[in-house]
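Student: Required output: the full structure, derived from the provided sequences and hints.
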Amino acid sequence: MSMYVPPEIAWIVPIAVPFVIGLLVGLIVKRTVKLAFAAIALAIILVVTGFVSFTFQDIFDNAMKILPKIIDLGSSLQNILPYSSITFIIGLALGLWKG
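Heads up: the sequence shown at position 36 corresponds to 36 in the numbering used here, and the numbers run straight through without jumps.
In case anyone wonders, no lab produced these hints; they're calculated from the structure. It cannot be assumed that every hint is accurate.
As the list claims (entries may be wrong) - Cross-link-like lysine-lysine pairs, in silico, DSS-like; alpha carbons within 30 angstroms at most:
#1 Lys30 - Lys65
#2 Lys30 - Lys69
#3 Lys30 - Lys98
#4 Lys34 - Lys69
#5 Lys65 - Lys34
Claimed, not checked - Distance ranges between label pairs, derived from CB positions:
#6 Ile70 - Val13: 26 to 36 angstroms
#7 Met64 - Ile86: 32 to 42 angstroms
#8 Gly99 - Ala39: 17 to 27 angstroms
Beta carbons: idealized from backbone N, C-alpha and C, even for Gly.
Tutor: Below you can see the structure in the form of structure tokens.
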């Protein structure tokens, strides 16, 4: 059995799919940023109270290990996400705002 989309509603699919992807990406980004701020706040509190001590060299070494991986991930997402679609951008904005 083949899937058949009636031509009357077939034009909605290329509009709805990027919008939904944008909503999901916006939601994921918003929650990730909240989690990152919470982790940074926790690290600052632990450093101020003296439970943990970081040196600039430790932070720099860890950043040099992690940042290239994040940049590679971002460049691969650039090829996957439909960021040039206005419906994706609207969905992304709504996901960031309401998510």
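Student: A separate judgement is required for each hint: does it hold in the structure or not?
Tutor: Okay, the hints, checked on the actual structure:
Distance check on the hinted pair: lysine 30 and lysine 65 sit about 24 angstroms apart at the alpha-carbon level, within 30 angstroms; holds. For the hint pairing lysine 30 with lysine 69, the CA-to-CA distance comes to about 20 angstroms; that is within 30 angstroms, so the pair holds. With a C-alpha separation of about 9 angstroms, the suggested pair lysine 30 and lysine 98 falls inside the 30 angstroms cut-off, and the hint holds. This hinted pair checks out: lysine 34 and lysine 69 have alpha carbons roughly 21 angstroms apart, not beyond 30 angstroms.
Distance restraint check for lysine 65 and lysine 34: the Cα-Cα separation of roughly 23 angstroms lies within the 30 angstroms cut-off, and the hinted pair is therefore satisfied. At about 32 angstroms, the CB distance of isoleucine 70 to valine 13 agrees with the hint of 26 to 36 angstroms. For the hinted restraint 32 to 42 angstroms between methionine 64 and isoleucine 86, the CB-CB distance of approximately 38 angstroms keeps it satisfied. Between glycine 99 and alanine 39 the CB atoms are about 19 angstroms apart, so this pair conforms to the stated range of 17 to 27 angstroms.
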